[in-house]
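K.L.:
Sequence:
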Amino acid sequence: MKMEIKFIVTIIDVIIDYFFDHQIRVFIDLFCSFTFVDVFVVNVVSFLHFNI
1 MKMEIKFIVT
11 IIDVIIDYFF
21 DHQIRVFIDL
31 FCSFTFVDVF
41 VVNVVSFLHF
51 NI
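Quick note: the sequence shown uses the working numbering, first residue 1, plus one each step.
Any given hint might turn out to be false.
Okay, the calculated beta carbon distance ranges per label pair [stated by the list, open to error]:
#1 N51 x K2: 26 to 32 Å
#2 I11 x F40: 23 to 29 Å
#3 D29 x E4: 34 to 40 Å
#4 H49 x D29: 27 to 33 Å
#5 F40 x Y18: 21 to 27 Å
#6 I12 x F47: 33 to 39 Å
#7 I11 x N51: 27 to 33 Å
#8 F19 x L48: 44 to 50 Å
Think of the hints as simulated: they come from the structure by calculation, not from any bench.
Remember, predicted model here, so these are calculated numbers, not experimental data.
Idealized CB from N, CA, C, for every residue including glycine.
Make the full structure from the sequences, and use the hints.
P.N.:
Dropping the structure here:
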C-alpha cells in the first residue's frame with residue numbers, strides 16, 4: 001500500500017514537472033483566451049443538452 005501511494009505521487013510529480021516545463025505557456029495562453037473559453041463552454045453546453 002505504501003509503495004503504491006509513493007508510485008502514484010511520483011507519477012503525479014513527473015506529470016506536473018513535464019506540464020509546467022513544456023505546456024504552461026500554451027496552457028495560460030489558451031485559458032486567457034476568451035474565444036477558447038467560449039468555444040469550450042458552447043461545446044460542453046451543447047453536448048449536455050444533446051444528451052439530456
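K.L.:
Now tell me, hint by hint, if it's right for this structure.
P.N.:
Comparing the hints with the structure gives:
Look at N51 against K2: about 41 Å separates their beta carbons, and that is not inside 26 to 32 Å. Hint check: I11 to F40, Cβ distance near 27 Å, so the stated range 23 to 29 Å holds. Here the CB-CB span from D29 to E4 is close to 36 Å, well matched to the stated 34 to 40 Å. At roughly 29 Å, the beta-carbon separation of H49 and D29 lies within the given 27 to 33 Å, and the hint holds.
For the pair F40 and Y18, the supplied restraint of 21 to 27 Å holds, since their beta-carbon distance comes to about 23 Å. With their beta carbons about 28 Å apart, I12 and F47 fall outside the hinted range of 33 to 39 Å. Between I11 and N51 the Cβ separation comes to about 32 Å, which falls inside the hinted range of 27 to 33 Å. One distance hint, 44 to 50 Å for the beta-carbon pair F19 and L48, is violated here, with the actual separation near 27 Å.
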